[in-house]
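Asker: Here is what each chain is made of, one letter per residue.
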Amino acid sequence: MFILGAGVLLLGLAVVLWVVHLDSVVTREFQGRHWSVPARVFAAPLELYVGAPVAAADLDEELHRLHYRSGDPAAGPGFYRRRGEVFEVHARRVRFIDELREPMQVSIRAGGDSITDLRQADGTELPVFRLDPPVVGSVFPVHGEDRLVLSPDEVPPLLRSGIKLIEDRRFDAHPGVDLLGILRAMWANVRARRVVQGGSTLTQQLVKNYFLSDEQTLGRKATEAVMALRLERHFSKAEILLAYLNEVYLGQDGARAVHGFGLASEFYFAKPLAELDVGELALLIGLVKGPSFYDPRKHSERALARRDLVVRELADAHLIDATAAARAAASPLGLRPPGGSYVPAYLDLVRRHLKRDYAEADLAAAGLAVYTSLDPRAQAAAEHALAQNLKRLDAASRVRNDHLEGAVIVAEPNSGDVVAVVGGREADSAGFDRALDARRPIGSLVKPAVYLTALETGRYTAATLIEDAPIELKLEDGSTWAPQNFEHVIYGRVPMARALAESMNLATVRLGLDLGLPQVVDTLQHLGLETRPALNPSLLLGSVEMTPLEVVQVYTALANGGFRARLRAVHAVLDEHGRPLKSFKVQVEEAAPPAAVYQLDRMLTLVTTHGTGRDAPNRLPRGTVVAGKTGTSSDTRDSWFAGFTGSYLSVVWVGYDDNRPTGLTGAAGALPVWADTLARLKSVSFQPVPPENLEERWISFKDGLETTPACSADAVAIAVPKDSVLAGEPGCNSSPGNAPAPPGSLPEKMKAWIKNLVR
Amino acid sequence: MDQEPRALTAAAALAVLAGALLVSGCPAPAPRASSASAPMPAAPTASSPAPSSGSAPAVPTPAPRPAPPPRENHLSPATRSLVTQARTLMAHGDLDGASSTLDRALRIEPNNPLLWIERGRLRLAENDAHQAEGCGRKALALASGDRSTQHQAGRLLADALRAQQRNQEARAVETQPYMN
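Chains A and B, in that order, are what the protein sequence lines are. In terms of the working numbering, the first sequence has 587 at position 587, counting the first letter as 1, and numbering is strictly consecutive. In terms of the working numbering, the second sequence has 124 at position 124, counting the first letter as 1, and numbering is strictly consecutive.
Hint data in this document are derived by calculation from the structure and do not stem from the laboratory. A hint or two may mislead.
No more than 20 angstroms apart at the CA atoms, straight line, and that leaves these computed lysine to aspartate or glutamate pairs for DMTMM-like [what the hints assert, rightly or not]:
hint	chain 1	residue 1	chain 2	residue 2
1	A	K208	A	E167
2	A	K582	B	D128
3	A	K271	A	D295
4	A	K582	B	E126
5	A	K582	B	D96
6	A	K355	A	D437
7	A	K208	A	D437
8	A	K582	B	D94
A partial selection of chain B residues facing chain A, derived with a Cβ cut-off under 8 angstroms [as the list claims (entries may be wrong)]:
hint	residue
9	D103
10	N111
11	K138
12	S144
A virtual CB, placed ideally from N, CA and C, is assigned to each residue, including glycine.
Starting from the given sequences, assemble the full structure and let the hints guide the process.
Answerer: Next up, the structure:
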């Protein structure tokens, strides 16, 4: 008797402990549920202002990307109407980093290649207006899941009442478990001799989703029931319903599970939940019962029948009127086409920069919004350019089944904003991200650092003659290193400008050794290289290995007048209340003397007019000044191009994943990708502000003698410190009146040609 | 190597010339608008075509100029309105908001030294003198040839150096010719 009593007591105790345990699990997990919620990631909003380089077609495309629908803008936010050049847009309520903007109507005129007028609905001029930042994905996908977390005011009332009607009629009355519902379900199952009803409450479904596996055992059922009861004790009905709406599984997008009505709305209809009509909402509500069974893309008949059933029930319960029901039942499913803008390589960079710039604990909060500098237009241009060119190069290759790979990064050098990242030719498949992780010898991309080191000493100018002659070096390991020029030609004494433009190896090695390897490595590090390469002479020809991203960082300082802007993908992270998380601000530091960088940059523009990068400006508007450098590693294993206009810096790598020779120089492999990428973006000329202590002079490209365009067909403009003494071409007038204008103000050849014309 | 085609007609040459002048981005002086009520040193705020647009109409001037005329930097209507917004946010103590708004302006006109001066002033208000120094140096480099803007940039740079107790360097900046 006593033993029995003790047994009962122990059993009771165990049950109590079990319940207490489940209670604590439920409370802790429910409150901590935010931990598993990834942050939404936004691309940069399209800025509109008079003069903005946005054509009507661009604007149309962007509005389409943002899922604005054609219609009377007076109908509400999310609608726009285009009449020729004029767009009337009813912009949605949008949270920006610095502002929560209420819906507003604007009128935009896009004439030719740019915005020509911008007004509010009442006709007042708007100096500047930005469209919604497009959502491009989310980060921290725990268990490969993804969410667009809804706040209470984002839940349409019809969804709230509709989901209760279809899934759990007594939700507002039961304590978490619905005994009546279970009895009714059992009765229905017995009558039908199979399971036709589940009898699970929304609370139980939520618990199941949160904490439990899918196995159907009695023990699990009991755990689920106890947890549901405890959850209801601790949290309100409204909180539980909201969590349910954010948690419920509604479909599968490849490897990504679609959870929550917010994401489902984007996934199936490509619009925010608030814009769904009755039929669309009914379809989502109907999907809860079986997202794969009723998958509207695979089984549209089933999905349609299910939707119509939900519509009928909503009408029977008077949640919608008969007209709305009839209209909903008559409408098509209205699905958006599958696919879309998925940018894994860019998100990869976002993840790394979040880790770099933010405290981990802050990032764990719920409902974060990450605002990035991604430019969807640049991203699309880079993806397209890489895919097309690799296809072409593969086809031209003699080896069958060749599969070249590549990477492209596009940045705005002034801000360090990274606007596009392509990590491979299959841009939309997550995998090895070459843009961030492929560390390869950079070949001649290193040379500008050698020439910059020379200019910084003050002993060299672009006109200084250096020796391109054979050289043999005894290395530390006892071997002999005898570099050669790519064309196996020896050029003799050449001006620095030409040695760089034609990427002469012998001249560069000799120059670098004169300057000292440590000095060259110092320059690289000042420019932003974070590793310190070994002091091997072959580094002068680019044996140093870098990722495309590292190359971008180094070239940013060259494209930015000697100022290093730390690369960034993330502009700001806002918490669910719109408050910014603490982060690092843009870092702008002088990396190299601006005057030396200016002289180097002028030499880099000669690369694209007279040197190995001559094809770079071909696809840009005529006269656009471009600076850049080709790079080819030994045996053509890596093909590189790094180049910049006044608007963008882009670095391209092309090669094989297994490091085989490609047979492609930088000019043949990477350069066309660069040119095609930049051709689809709108660039202004690279046209830095000349420092006051420099002046423009003409030299002969071939031999470096000072000359005039009238005198020499190969006259090129260079920048040198004021009053530099240059050896002159005999009989050529090199008075200051013939000084060339800074680049971009007038193509030098054109000027020479005009001169000949007027003479 | 690349020979300029001699067959260009004079008309085509003029068109190219006009285009070349367009991208030269030397801002045309325009009526000055005032924003002097702002709490920071007022920047010249006359309008000019945004340098990133490169497509505003211009009068073709075929005469090649031997030396560029003195530059004058301006804000476009778009960036001027953003600067005004940023200053308002700053006055209300929303430095983060002001910073983001200035970022917007800089994306539109990345090479405008006036915007770098605004950003530097903001960094000073945030007690980030090191970053303010970077902005000051950048502004100074971009202001080359524009005395008035050089003066403002030099002021910012000197203030940023002083805030870092680098008084000697600050004095060196203050004795530059453009500071008179």
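Asker: Now, for every hint given, state plainly whether the structure supports it.
Answerer: The hints, checked one at a time:
| no. | hint | result |
| --- | --- | --- |
| 1 | A:K208 x A:E167 | holds (15 angstroms) |
| 2 | A:K582 x B:D128 | holds (14 angstroms) |
| 3 | A:K271 x A:D295 | holds (18 angstroms) |
| 4 | A:K582 x B:E126 | holds (13 angstroms) |
| 5 | A:K582 x B:D96 | holds (9 angstroms) |
| 6 | A:K355 x A:D437 | holds (16 angstroms) |
| 7 | A:K208 x A:D437 | violated (39 angstroms) |
| 8 | A:K582 x B:D94 | holds (13 angstroms) |
| 9 | D103 | holds (7 angstroms) |
| 10 | N111 | holds (7 angstroms) |
| 11 | K138 | holds (5 angstroms) |
| 12 | S144 | holds (5 angstroms) |
Taken one by one, the earlier hints fail for this structure only at number 7.
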